[in-house]
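Asks: Single-letter residue listing:
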Amino acid sequence: MNAIVQNDQAPVLQVTDLEIEINGGQGSFAVVSEMNLHVRAGETLCIVGESGCGKSMTALALLRLLPDAAKVASGKILIDGQDFMAMSERQVEDYRGEKIAMIFQEPLTALNPVLRIGEQIAEAVRQHRKCSRKEAYAKAVETLQLVQMPDPERRAGQFPHELSGGMRQRAMIALALACDPKIIIADEPTTALDVTIQAQILGLISTCKSVSARRKSSSPTTSASSPRSPIG
Amino acid sequence: MQPDATPLLSVDNLEVHFPIRAGVLQRQVGAVKAVDGVSFSLNRGETLSLVGESGCGKSTTGLALMGLVKPTGGTVNFDGQEIRDFNRSALKSYRRRMQIVFQDPFSSLNPRQRVKDIIRAPLDIHKVGTKAERDDRVAELMQRVGLRPDQADNFAHQFSGGQRQRIGIARALALNPDVIVCDEPVSALDVSVQAQILNLLSDLQRDLGVSFLSISHDLGVVEFISHRVAVMYLGKIVEIAPKTLIFGHPTHPYTELLMRSAPSHDPRRRHQFSATNDDIPSATRKPSGCPFHTRCPLATEVCKTVEPALTARPEGQLVACHHR
Amino acid sequence: MLAYVVRRLLLLIPMAIGMVVVTFGLLLLIPGDPAAVLLGQDATPEAITNLRNTLGLNDPWFIRLWDYFAALLQGDMGRSIFQNQPVATIIAGRLGATIELAVVALILATLIGLTLGVLAAIRQGSWIDTVTMLFAQIGVSMPVYWLGLLLMLLFAVQLGWLPAIGRGVPLHEALFAAVTGRPQVLWDSLTHMALPALALAANSAAIISRLVRASMLEVLREDFVRTAYAKGLRKGRVVVRHALRNALLPVLSVIGLRFGALLGGAVITESIFAWPGLGQLTIAAISQRDLPLIQGIVLTFAIVYALVNLVVDLLYAAVDPRIRLG
Amino acid sequence: MQLPKALRNTSLVLGLFITLAIIFCAVFAPYVATHGVEQMDMRNRFEGPTFEHIIGTDNFGRDLWSRLVFGARISLTIAVISVVCSALIGTVVGLAAGYFGGWVDQLLMRITDVFLGFPAIVLALAIVAVLGPGVLNVSFAIIVVAWTEYARVVRSTTLVLREQNYVQAARALGASPVRILFREILPNALGPIIVLASLGLGTAIISESALSFLGFGLPPPTPTWGWTLAYGTKFMRDAPWLSIISGATIMITVLGFNLLGDGLRDVLDPRQLSRGGAKASKAK
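First to last, the protein sequences are chains W, B, S and G.
Residue numbers for the first sequence, in the numbering used here: 1 to 232.
Residue numbers for the second sequence, in the numbering used here: 1 to 324.
Residue numbers for the third sequence, in the numbering used here: 1 to 326.
Residue numbers for the fourth sequence, in the numbering used here: 1 to 284.
Don't read these hints as lab results, they were simulated from the structure.
Just so you know, even glycine gets a beta-carbon here, dropped at the ideal spot from N, CA and C.
Warning: the hint list may mix true and false statements.
[Unchecked claim] Think about it this way: if two alpha-carbon atoms lie no more than 25 angstroms apart in a straight line, the pair counts; the simulated DMTMM-like pairs of lysine to aspartate or glutamate are:
id : chain 1 : residue 1 : chain 2 : residue 2
1  : S       : K235      : W       : D17
2  : W       : K182      : W       : E162
3  : B       : K33       : W       : D83
4  : B       : K286      : W       : D83
5  : S       : K235      : W       : D151
[Said to hold, decoys possible] Beyond 10 angstroms from chain W on every Cβ pair, some chain S residues (computed):
id : residue
6  : L95
7  : I207
8  : Y229
[Claimed, not checked] Computed spacing ranges between beta-carbons, pair by pair:
id : chain 1 : residue 1 : chain 2 : residue 2 : range
9  : B       : F18       : W       : K76       : 26 to 34 angstroms
10 : B       : V302      : W       : D80       : 56 to 64 angstroms
11 : B       : V302      : S       : I323      : 36 to 44 angstroms
12 : S       : Q85       : G       : S156      : 43 to 51 angstroms
13 : S       : A164      : G       : T34       : 54 to 62 angstroms
14 : G       : T10       : B       : S93       : 33 to 41 angstroms
15 : S       : I323      : G       : T10       : 33 to 41 angstroms
16 : W       : P67       : G       : D238      : 35 to 43 angstroms
17 : W       : N23       : S       : L2        : 38 to 46 angstroms
18 : S       : E173      : W       : D68       : 46 to 54 angstroms
19 : S       : G56       : G       : N59       : 43 to 51 angstroms
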């Protein structure tokens, strides 16, 4: 399937010789080393491996959101040709959500329990677009519609715990899509879901891909039944 | 090995309802029908898998059979003996012959106990043999499940997930039970380790003739270990059939959805059949009629009002559907 | 929601009955003849007989308990042995001052505790964190009476900035005076309030700051905070809007519990700073072994505390959408 | 392997150091003290720190250091008695309420609420007032209030532990409630109990000295810390060190137990409980 996409343009994401270290009790050790990858517009790349192999660490490093104990020891991350590792914290904040967004594994814990779904999405829109509160909220509802959230107006006004697992993951995807990012990282987007819902979410991710063009996804392998990825 | 045909365990119309209370006086205003009239039987040396998505009541069924959750209705017949009242004394002998292996190998072993004490506990509780005999039995069991006897003094946290699950299996085997309930025994493990544990389980079945009631949402695991499969949806069994039929010719629309949703490496097999509505009803607000009608592509008026009964089909499966 | 409030209020009834039984049980604990013990060694036999009659000691205990309940239902807490006034009247005259002190201390403790806790959490491991937690650790270990004495010694005796003892005009009246053009009245009330409130608040401020820090640190590690950063939000916004709101939830319930501790602490603070509240009255009543008064005070404290906790639980439900009362 | 890790915990080491020092003073009081408790020295009244009286004397010329050392005995005795008793009562109540649930839980927790509803010091004062002073009476007054804390914590720990699969496994094996409570649950609930007990020693010392400060503790001439502090306030202008030093002694002792409790909390790591659960939910 990948052959269908013509990949003659420059990669939107390029990672060279990435090394991630974790600072444990007895010195530091590398969880990821000599990682090289590139993703062109419209392409999906899957990172596969068993738990603890460094998939999630790589994903977090791409957003410069590694936990305190971990750090990028060496290597380069280029987003749209810009050196992401060299940017100031301010620039990184401008890139997050706008150029590179992420779908997290556990939608229940990844969404703020005390804020309404619509507010959480609108907040991302307002961060990157000059627009009023109202416009941002309208954009949020629109994005929820895009991810086929049933009854998006009503759902936007609800809290995460009021939604089912599948709907939460749709909200999570809407959150990632809200600012039309160039790259989307999906860290095991369906492991927390039931099989019938998994199928729908994976279907949705491939649909959204054709709608908004470009993303990247890492995929689950921890369960025997699901070594599959949305290779659109 | 071929399972024996006389049922060892038969479950008839098992119900587990949890009350929902509200108001000033906390009166019961409804019930969560976690298990709502489940019937099946299990033969000697057979593996029956209960499959379904989270919240369908498969785990509750297992817990109810173990007496860990009190059933609100139904009967259980174990080797000719009827268990109606699930109180402690009635369960005592039954519990020697029926054991459970839990999903989570981390929380199923007491972190403050040594492995030998964990495996010995069933022998101590039922006062089997002398102290020396119990020690010998522990060593034998550890060997049986592939643990080294010199690990007996270690604590659970010193083991990997797979090894912990072996400890849990050894504990379940200690009293030579006839039936072991396996509640998602491998879902918390990495793929490569899953295979080892599944192989261990089938070796044990071959050598000891033990029956397994396996509870799983992972169709790969189910296909590997089952003789028969029961598909559950919202507290009810919608289809029971031999494994080959379930995987080859799923009859109930829900079974079909489940099979089609299962990840596959073949892109052509995907999304031929899909339910659009992911607002899955819960056991608290169960739909009228056929519980699956809100998501079923075949649903008609009759499905909304009349609940289909589990009836036999010519190929040998039992299905609860008006249209198939 | 309404059903929940009603149920909670109904649950107060058995609790209040339990509390009455416990306070009443105090009388039964007294070894020997309570009347003789209460009046002390140089009491005349007539006085003892009189007291036996007023306390109804000649009846069996369950009849006395019943009588006590029956009277309580009519708002009658009995008469003080030594002050020759109804207990309810005496308490009513003092309750306001204590609640005022406890509320001001609670506000003070919450403000200090929140600020320090949040600062320490977002600068975890820095010198601010170390210093704050050191202060908190000392604050938790400091006996309120000792801190009160030190404060008095420093600010009243040595520096002479603040009055050592007594109370100004009640705060609500002082506020009224201030808006009608007499700000010095409010100033006077506040200077009297400063030392006792600070002494009383210190312990709670320390506890709250430690809790806020722990709670913040935990929330800052949550997935949704990472999501907020992944959206591109600025750090300040993530801390205030996403982390703090969630971190405050467990803190809220502790603030309710602290109110009980503050009421208790007020007993000691009031006796040091001669604050004319319920605490001072408690000490007096206990020194005189004025049992009906003691019973009344203990019961009053308990009821105020129970009501405060009800309010806190309702607030909690209002702030956390996940909690549905019913 | 665990020891060096524990010893790297500053709170624990410092707390252990302070509490051991104070326990040492209390146990070997006759040897640590430089003077008799009641030994008066009328020529050296209100003396500041000197070679003879290292932290000074009171209005009768009694040596403050020696009085504080003997005071430690009383404070620690009362603290230990009250903490052991309240921990025992609270643990039994908490285990029963948490494990059996239903009406047992309702009843026990309503009773706990009743005792928790009284401000601690007020109830303690009232009890001492009617019972009269004495080591056991003061301990009793502290226990009446303190046991509720253990009951609540042990109950909520038990509620979590009860759902752990290893407890379910024991039930599936047909283990009796007694075996489950004492073999499976209690060993895992000990961490929080030990932490609470350590913090409770500090609280008990504060409560005891508060009672003494208010004049309801052990009667003079018993050299309790609280009484020495209260008595010192009379001589605030001439000999402020009396109050300041006895107050500091109380604070440092309480600080020691608090540091010890916090350190133990870090080392015993109550989150150990949830670690398995967190892993399971992730893996699902």
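Asks: Take the hints in turn and mark each one as holding or not.
Replies: Taking the hints in turn, this is what the structure says about them:
1. S:K235 - W:D17: At roughly 29 angstroms apart (the allowed maximum being 25 angstroms), D17 (chain W) and K235 (chain S) break the hint.
2. W:K182 - W:E162: Distance ~31 angstroms between K182 (chain W) and E162 (chain W) Cα, so the pair is violated.
3. B:K33 - W:D83: The hint is violated at about 56 angstroms.
4. B:K286 - W:D83: violated (54 angstroms)
5. S:K235 - W:D151: At roughly 33 angstroms apart (the allowed maximum being 25 angstroms), D151 (chain W) and K235 (chain S) break the hint.
6. L95: holds (36 angstroms)
7. I207: Holds: least Cβ distance 24 angstroms, greater than 10 angstroms.
8. Y229: For Y229 (chain S), whose nearest Cβ neighbour in chain W is about 6 angstroms away, the distance does not exceed 10 angstroms, so it is violated.
9. B:F18 - W:K76: 26 to 34 angstroms: Since F18 (chain B) and K76 (chain W) have Cβ atoms about 56 angstroms apart, the given range 26 to 34 angstroms is violated.
10. B:V302 - W:D80: 56 to 64 angstroms: holds (57 angstroms)
11. B:V302 - S:I323: 36 to 44 angstroms: With a Cβ separation near 41 angstroms, V302 (chain B) and I323 (chain S) satisfy 36 to 44 angstroms, so the hint holds.
12. S:Q85 - G:S156: 43 to 51 angstroms: holds (44 angstroms)
13. S:A164 - G:T34: 54 to 62 angstroms: Cβ of A164 (chain S) to Cβ of T34 (chain G): about 35 angstroms, so the range 54 to 62 angstroms is violated.
14. G:T10 - B:S93: 33 to 41 angstroms: For S93 (chain B) against T10 (chain G), whose Cβ atoms are near 56 angstroms apart, the range 33 to 41 angstroms is violated.
15. S:I323 - G:T10: 33 to 41 angstroms: holds (38 angstroms)
16. W:P67 - G:D238: 35 to 43 angstroms: At 59 angstroms between Cβs, range violated.
17. W:N23 - S:L2: 38 to 46 angstroms: At 53 angstroms between Cβs, range violated.
18. S:E173 - W:D68: 46 to 54 angstroms: Cβ of E173 (chain S) to Cβ of D68 (chain W): about 53 angstroms, so the range 46 to 54 angstroms holds.
19. S:G56 - G:N59: 43 to 51 angstroms: Cβ of G56 (chain S) to Cβ of N59 (chain G): about 46 angstroms, so the range 43 to 51 angstroms holds.
Hints 1, 2, 3, 4, 5, 8, 9, 13, 14, 16, 17, counting from the list given before, are not met by this structure.
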